[in-house]
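**Q** Sequence:
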Amino acid sequence: MHSLDAARIRASFANVTLRERKTITLPDLDAIRWDRIDFLGWRDPKLPLVGYVVAEIDGEPVGLLLKQAEATPRHRTQCSWCADVHLPNDVVLFGTRRAGAAGRRGDAIGTLVCAAFECNVNVRRKPPVAYVGFDVEAARQARIAALRANVERFVRDAVAG
2 MHSLDAARIR ASFANVTLRE RKTITLPDLD AIRWDRIDFL GWRDPKLPLV
52 GYVVAEIDGE PVGLLLKQAE ATPRHRTQCS WCADVHLPND VVLFGTRRAG
102 AAGRRGDAIG TLVCAAFECN VNVRRKPPVA YVGFDVEAAR QARIAALRAN
152 VERFVRDAVA G
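With the working numbering applied, the sequence shown covers 2 to 162.
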């Protein structure tokens, strides 16, 4: 992902009001390793059930405000984005308002995602060798590509509204 400044991140949000855009709590942008992430995701420290995601769609950043469901899944679930089967973290249901008129009418979508958006780290871990001749690096690159595709599909669906 290309590095972004605070102004570009705020301007990228497609499903927020002008007031919400101004009050978004941004992460420490200097601490982000932009070359090691496929999307920028963070939780709002002031609002425990709110998260934010910014992904590059057709070379431009597109951001979404997400709200975590108050109920947690009864069974351990798999993240829809990274599909990691050895999750070191919780997976929760996030919902988001669609962009534009659909969102203003109350139309929303949801997905199961790692609670603190650890997907970028999860897909970069080397998978265990599954069989003799298993190409670990190719499997890792395939997981990274799948993460990008899954996040892009979700964001496109939210902004297509």
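Hints may contain errors.
Simulated DEER-style distance windows between Cβ atoms [unchecked claim]: (1) PRO129 / PRO49: 33 to 39 Å; (2) VAL133 / THR18: 53 to 59 Å; (3) ARG125 / HIS76: 22 to 28 Å; (4) HIS76 / ALA7: 36 to 42 Å; (5) LEU19 / PRO129: 20 to 26 Å; (6) ALA146 / HIS87: 17 to 23 Å; (7) ASP158 / ALA12: 35 to 41 Å; (8) PRO129 / ASP158: 30 to 36 Å; (9) ALA8 / ASP59: 36 to 42 Å; (10) ALA140 / ILE33: 32 to 38 Å.
Calculated cross-link-like contacts (lysine-lysine; reagent style DSSO-like; alpha-carbon spacing at most 27 Å) [what the hints assert, rightly or not]: (11) LYS47 / LYS68; (12) LYS23 / LYS47; (13) LYS23 / LYS68.
Quick caveat, the hints were computed from the structure, so don't treat them as lab data.
Glycine included, each C-beta is placed from N, C-alpha and C at the ideal position.
**Q** Output the indices of the hints that this structure fails to meet, ascending.
**A** Numbers 5, 7, 9 and 10 - these are the hints that the structure violates, sorted from lowest upward.
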